[in-house]
Amino acid sequence: MSQSELATAPAPAAPSIWHMYRAMVGVGVFCGLLIVSVFQVTLPIIERNKAEALQEAIFEVLPNATKSTTYRLTEAGGFELVEGEDDAGRLVYAGYDDAEQLVGLAVEAEGMGYQDVIALIYGYSFTEQAIVGIQVLESKETPGLGDKIETDADFLENFKSLDVSVGEDGSALANSVVPVKHGEKTQPWEVDGITGATISSVAIANLLDRSAQYWVPRIRNNLADFQGQE
Amino acid sequence: MASSKSGTDEFIKGLWNENPVFVQVLGMCPVLAVSNTAMNALAMGLATAFVLVMSNIVVSSLRNFIPKQVRIATYILIIATFVTVVDYVIQAVSLDLYKALGAFISLIVVNCLILGRAEAFASKNTVARSTMDGLGMGIGFAFALFCLGAVREILGNGALFGAQLFHDSFEKWVVMILPSGGFFTLAAWLLLFNWLKQRKAKKEETAALALQKEVA
Amino acid sequence: MASGKTLEIRTSPHILSGYSVDTIMFNVVLALLPVAGFCVFAFGLAGLLTLSVAVVSCVVTEDLICRATSKPSTVGDWSVTITGLLYGLTLPPGLPLWMTAVGGVICVALGKTLFGGLGYNTFNPALVGRAVLQAAFPVAMTSWIPGFAAGRFSSLPLSTLTLPFTSPEYDAITSATPLALWKFSREATATSDLAMGFISGSAGETSSVFILIGGLYLIARNMMNWRIPAAIFASVFVFSGALYLVDPTRYASPIFMLFSGGLMLGATFMATDMVSSPMTSRGCYLYGALIGVVTIVIRTWGGLPEGVMYAILLGNAFAPHLDRWTRPTIYGAKGKEAAT
Chain A
0 MSQSELATAP APAAPSIWHM YRAMVGVGVF CGLLIVSVFQ VTLPIIERNK AEALQEAIFE
60 VLPNATKSTT YRLTEAGGFE LVEGEDDAGR LVYAGYDDAE QLVGLAVEAE GMGYQDVIAL
120 IYGYSFTEQA IVGIQVLESK ETPGLGDKIE TDADFLENFK SLDVSVGEDG SALANSVVPV
180 KHGEKTQPWE VDGITGATIS SVAIANLLDR SAQYWVPRIR NNLADFQGQE
Chain B
0 MASSKSGTDE FIKGLWNENP VFVQVLGMCP VLAVSNTAMN ALAMGLATAF VLVMSNIVVS
60 SLRNFIPKQV RIATYILIIA TFVTVVDYVI QAVSLDLYKA LGAFISLIVV NCLILGRAEA
120 FASKNTVARS TMDGLGMGIG FAFALFCLGA VREILGNGAL FGAQLFHDSF EKWVVMILPS
180 GGFFTLAAWL LLFNWLKQRK AKKEETAALA LQKEVA
Chain C
0 MASGKTLEIR TSPHILSGYS VDTIMFNVVL ALLPVAGFCV FAFGLAGLLT LSVAVVSCVV
60 TEDLICRATS KPSTVGDWSV TITGLLYGLT LPPGLPLWMT AVGGVICVAL GKTLFGGLGY
120 NTFNPALVGR AVLQAAFPVA MTSWIPGFAA GRFSSLPLST LTLPFTSPEY DAITSATPLA
180 LWKFSREATA TSDLAMGFIS GSAGETSSVF ILIGGLYLIA RNMMNWRIPA AIFASVFVFS
240 GALYLVDPTR YASPIFMLFS GGLMLGATFM ATDMVSSPMT SRGCYLYGAL IGVVTIVIRT
300 WGGLPEGVMY AILLGNAFAP HLDRWTRPTI YGAKGKEAAT
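Chains as they are written, first to last, in numbering that gives the first Met the number 0: chain A, 0 to 229; chain B, 0 to 215; chain C, 0 to 339.
What the hints contain is simulated information worked out from the structure, not anything from laboratory work. Hints should not be assumed to be uniformly reliable.
To be verified - Here are the simulated lysine-lysine pairs, DSSO-like style, with alpha carbons at most 27 Å apart:
{"no.": "1", "chain 1": "B", "residue 1": "LYS4", "chain 2": "B", "residue 2": "LYS171"}
{"no.": "2", "chain 1": "B", "residue 1": "LYS202", "chain 2": "B", "residue 2": "LYS12"}
{"no.": "3", "chain 1": "A", "residue 1": "LYS139", "chain 2": "A", "residue 2": "LYS180"}
{"no.": "4", "chain 1": "B", "residue 1": "LYS212", "chain 2": "B", "residue 2": "LYS201"}
{"no.": "5", "chain 1": "B", "residue 1": "LYS4", "chain 2": "B", "residue 2": "LYS67"}
{"no.": "6", "chain 1": "A", "residue 1": "LYS159", "chain 2": "A", "residue 2": "LYS49"}
{"no.": "7", "chain 1": "B", "residue 1": "LYS98", "chain 2": "B", "residue 2": "LYS202"}
{"no.": "8", "chain 1": "B", "residue 1": "LYS196", "chain 2": "B", "residue 2": "LYS12"}
{"no.": "9", "chain 1": "A", "residue 1": "LYS184", "chain 2": "C", "residue 2": "LYS182"}
{"no.": "10", "chain 1": "C", "residue 1": "LYS70", "chain 2": "A", "residue 2": "LYS180"}
{"no.": "11", "chain 1": "B", "residue 1": "LYS98", "chain 2": "A", "residue 2": "LYS66"}
{"no.": "12", "chain 1": "B", "residue 1": "LYS4", "chain 2": "B", "residue 2": "LYS199"}
{"no.": "13", "chain 1": "C", "residue 1": "LYS70", "chain 2": "B", "residue 2": "LYS199"}
{"no.": "14", "chain 1": "A", "residue 1": "LYS184", "chain 2": "A", "residue 2": "LYS159"}
{"no.": "15", "chain 1": "B", "residue 1": "LYS202", "chain 2": "A", "residue 2": "LYS139"}
{"no.": "16", "chain 1": "A", "residue 1": "LYS139", "chain 2": "B", "residue 2": "LYS12"}
{"no.": "17", "chain 1": "B", "residue 1": "LYS123", "chain 2": "B", "residue 2": "LYS12"}
{"no.": "18", "chain 1": "B", "residue 1": "LYS201", "chain 2": "B", "residue 2": "LYS12"}
{"no.": "19", "chain 1": "C", "residue 1": "LYS70", "chain 2": "B", "residue 2": "LYS196"}
{"no.": "20", "chain 1": "A", "residue 1": "LYS180", "chain 2": "A", "residue 2": "LYS159"}
{"no.": "21", "chain 1": "A", "residue 1": "LYS139", "chain 2": "C", "residue 2": "LYS182"}
{"no.": "22", "chain 1": "B", "residue 1": "LYS123", "chain 2": "B", "residue 2": "LYS67"}
{"no.": "23", "chain 1": "C", "residue 1": "LYS70", "chain 2": "B", "residue 2": "LYS202"}
{"no.": "24", "chain 1": "A", "residue 1": "LYS49", "chain 2": "A", "residue 2": "LYS66"}
{"no.": "25", "chain 1": "A", "residue 1": "LYS49", "chain 2": "A", "residue 2": "LYS139"}
{"no.": "26", "chain 1": "B", "residue 1": "LYS12", "chain 2": "B", "residue 2": "LYS171"}
{"no.": "27", "chain 1": "B", "residue 1": "LYS4", "chain 2": "B", "residue 2": "LYS196"}
{"no.": "28", "chain 1": "B", "residue 1": "LYS98", "chain 2": "A", "residue 2": "LYS49"}
{"no.": "29", "chain 1": "B", "residue 1": "LYS196", "chain 2": "B", "residue 2": "LYS212"}
{"no.": "30", "chain 1": "B", "residue 1": "LYS201", "chain 2": "C", "residue 2": "LYS70"}
Stated by the list, open to error - Residues from chain A that keep clear of chain B, each with C-beta distances beyond 12 Å, as calculated:
{"no.": "31", "residue": "LEU72"}
{"no.": "32", "residue": "VAL81"}
{"no.": "33", "residue": "ASP97"}
{"no.": "34", "residue": "THR141"}
{"no.": "35", "residue": "TYR213"}
Built from N, CA and C at the ideal position, the CB exists for glycine as well.
My request is simple: use the sequences and hints to build the entire structure.
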């Protein structure tokens with residue numbers, strides 16, 4: 000077919016600029032329309048999926064919460080309620096129970112693991128002044144070794160109540176979250192490591208420490224910001 | 000083009016004789032990267048197949064409209080469009096799957112298999128034949144990915160499609176889930192395919208020789 | 000005329016001297032025997048079984064592949080025996096025997112015969128097998144049993160006889176290697192214990208003294224390139240010594256680095272593998288230095304406590320390039336001519 004055409008016509012006449020222009024623009028318009036229409040159809044579903052996934056993670060780390068709202072850290076250091084779908088800035092999620100009482104805050108944190116960045120969300124309880132649950136959102140740790148950070152029962156036990164109370168001057172934690180070797184945990188702010196996944200479990204402890212050092216004092220100093228909305 | 004080939008032939012060739020992975024060894028990046036479980040492999044294979052079929056249809060229906068000088072740019076535009084569509088659809092269907100496939104959905108754009116079929120086949124053939132070609136190649140690609148994914152998941156996780164196959168005490172071959180496992184599994188499948196092909200070629204040769212002798 | 004005498008007509012060479020492949024390989028096996036003997040002495044039945052299964056699986060695989068490809072069996076040249084022995088010596092002695100066998104098949108099939116057999120393999124086959132096992136079964140490959148246990152000649156560790164394809168159960172007492180002790184808790188081990196092998200570790204890496212005796216025997220008989228181990232030891236000593244001088248609390252002493260882990264065994268018997276190491280003398284020095292530096296880099300900053308295996312495999316990959324870069328000038332040739 001086209002091969003024989005090529006063979007007989009030594010130099011096919013160059014198509015005019017108009018032809019090329021027409022083809023590129025035509026295809027471009029067609030493609031643009033297609034993408035926009037698919038985007039319009041799927042956008043609400045995608046947003047809903049994402050919101051649901053986040054919601055699930057928040058309720059997972061704040062055991063008594065049944066409702067959540069999003070707050071943003073303002074430049075002044077306080078927190079403001081986020082309206083609608085706006086997700087710019089540094090966010091925390093406040094969880095409330097059935098009686099509309101504030102249970103705690105869910106905060107996202109990330110840090111370098113053994114293979115790649117580990118991202119997780121943790122729940123901070125006001126009454127206990129402690130981390131009361133974590134859920135790993137993203138991790139590429141070695142299957143069978145490093146991924147024990149998500150499955151090892153002894154390790155997850157650490158985060159049922161990990162002390163992150165604020166020190167006297169209110170600017171930092173009273174005790175840093177520190178990793179210790181498996182079986183040597185004596186203080187409520189220590190993280191009992193996993194044998195065979197030393198690096199991944201230490202990474203979790205360190206990233207929690209960094210994040211809690213930043214967030215917990217800020218949250219405690221602005222407690223009123225989360226209460227006044229109801 | 001051999002116009003004597005029927006549409007069915009165009010379909011069949013992609014499945015076996017010209018299988019994009021096992022025979023042409025095309026599009027290795029997604030083949031090795033996302034075949035760690037059967038589910039991921041199948042999803043990736045089907046996404047690629049969809050893009051392949053759609054781009055083949057559009058390219059072949061526009062083949063007299065697109066001048067040779069701008070064809071590559073136009074093909075890429077078309078392919079990228081369908082990849083974006085697939086990207087949104089997968090996000091809408093399952094966020095977990097989207098996370099597992101990661102950047103490799105966007106990278107379908109640079110899968111040489113798709114541009115290769117658009118350039119080598121769809122731009123020279125009718126819409127019907129191009130569709131069959133795209134379907135055959137796409138399903139062949141998905142099948143190959145599934146072959147890899149199944150082996151890797153069974154050995155690496157002791158499971159298939161997430162369902163445990165063995166007793167709890169099964170020792171998982173962690174290496175199979177890691178990238179290097181992809182290379183091992185692909186090599187083993189290529190070995191099998193080449194061995195089958197050689198055996199077939201030998202049989203045909205001996206049959207031809209026997210026929211010659213009979214004639215003589 | 001005396002009948003019965005045949006006149007042999009052959010092409011050159013007519014005068015044969017030096018060693019054939021078989022003699023060298025057989026002598027390497029001899030040099031490895033004291034190391035293997037100490038391994039059996041230290042780990043008892045478990046060590047003996049690990050070594051035997053490793054050797055048998057390698058030899059049987061080679062024989063089967065030779066049969067399957069209708070080639071004469073190359074088992075007789077002893078090289079596969081060395082592969083099996085070395086491979087067995089790098090394994091933790093309590094490793095389930097089915098894993099040992101799987102690794103043995105991988106050593107020979109993937110590491111050696113796929114490349115074309117003896118003389119063609121880019122990487123040391125024993126290390127290929129170990130590397131795959133390390134990636135496939137990371138837990139089993141890092142569970143060490145203590146040496147010199149009381150009942151080691153009458154009983155086996157729980158994990159050794161695990162059923163094929165099932166996970167092993169471990170004895171209550173496992174122990175950490177000196178390198179792991181250093182890496183994760185900064186505990187140093189006494190040098191005399193390291194040298195004599197009164198520590199836990201892979202089957203054959205514990206006794207530096209016996210490894211050195213074997214190495215010296217081979218060097219004395221001119222069957223091993225002394226430059227490679229010398230360069231490795233020197234670069235390890237200098238590099239880790241420099242780090243130690245900077246901060247003795249963070250970095251281990253050079254003596255500890257030399258005598259711990261698989262460095263002795265790797266430098267003496269694996270890096271010197273004739274097929275996968277460079278041929279030129281300058282290339283050998285560079286090759287040894289590369290292995291030494293990479294080992295220390297992995298041990299100091301990497302995620303793993305031990306890095307000799309990866310360092311040697313990396314060195315193997317560089318060997319052909321080192322040969323090309325260090326090719327001696329052809330006599331009489333000038334400048335560019337010599338390089339082509």
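Hints, verified against the model:
1. B/LYS4 / B/LYS171: Measuring from Cα to Cα gives roughly 47 Å; hence the hint is violated.
2. B/LYS202 / B/LYS12: With Cα atoms ~20 Å apart, B/LYS202 and B/LYS12 stay inside 27 Å; holds.
3. A/LYS139 / A/LYS180: 23 Å, holds
4. B/LYS212 / B/LYS201: This hinted pair holds, its Cα atoms lying about 17 Å apart.
5. B/LYS4 / B/LYS67: Since the Cα atoms of B/LYS4 and B/LYS67 sit roughly 26 Å apart, the hinted pair holds (cutoff 27 Å).
6. A/LYS159 / A/LYS49: 26 Å, holds
7. B/LYS98 / B/LYS202: 47 Å, violated
8. B/LYS196 / B/LYS12: Holds, at about 14 Å.
9. A/LYS184 / C/LYS182: 20 Å, holds
10. C/LYS70 / A/LYS180: 55 Å, violated
11. B/LYS98 / A/LYS66: 26 Å, holds
12. B/LYS4 / B/LYS199: 22 Å, holds
13. C/LYS70 / B/LYS199: 22 Å, holds
14. A/LYS184 / A/LYS159: At roughly 14 Å apart (the allowed maximum being 27 Å), A/LYS159 and A/LYS184 satisfy the hint.
15. B/LYS202 / A/LYS139: 48 Å, violated
16. A/LYS139 / B/LYS12: Given that 27 Å is the threshold and the Cα spacing comes to 38 Å, the pair is violated.
17. B/LYS123 / B/LYS12: 17 Å, holds
18. B/LYS201 / B/LYS12: 20 Å, holds
19. C/LYS70 / B/LYS196: The given pair, whose Cα atoms are some 22 Å apart, holds under the 27 Å limit.
20. A/LYS180 / A/LYS159: Within the cut-off at roughly 18 Å; holds.
21. A/LYS139 / C/LYS182: 23 Å, holds
22. B/LYS123 / B/LYS67: 12 Å, holds
23. C/LYS70 / B/LYS202: 22 Å, holds
24. A/LYS49 / A/LYS66: Status holds; Cα separation ~16 Å.
25. A/LYS49 / A/LYS139: 20 Å, holds
26. B/LYS12 / B/LYS171: 36 Å, violated
27. B/LYS4 / B/LYS196: With Cα atoms ~22 Å apart, B/LYS4 and B/LYS196 stay inside 27 Å; holds.
28. B/LYS98 / A/LYS49: 12 Å, holds
29. B/LYS196 / B/LYS212: Status holds; Cα separation ~25 Å.
30. B/LYS201 / C/LYS70: Within the cut-off at roughly 20 Å; holds.
31. LEU72: Since the minimum Cβ distance to chain B is about 26 Å, A/LEU72 lies beyond 12 Å and the statement holds.
32. VAL81: A/VAL81 clear of chain B: closest Cβ-Cβ about 21 Å, beyond 12 Å.
33. ASP97: Non-interface label stands for A/ASP97: nearest chain B Cβ at 28 Å, farther than 12 Å.
34. THR141: 7 Å, violated
35. TYR213: Label holds. Min Cβ-Cβ 26 Å, cutoff 12 Å.
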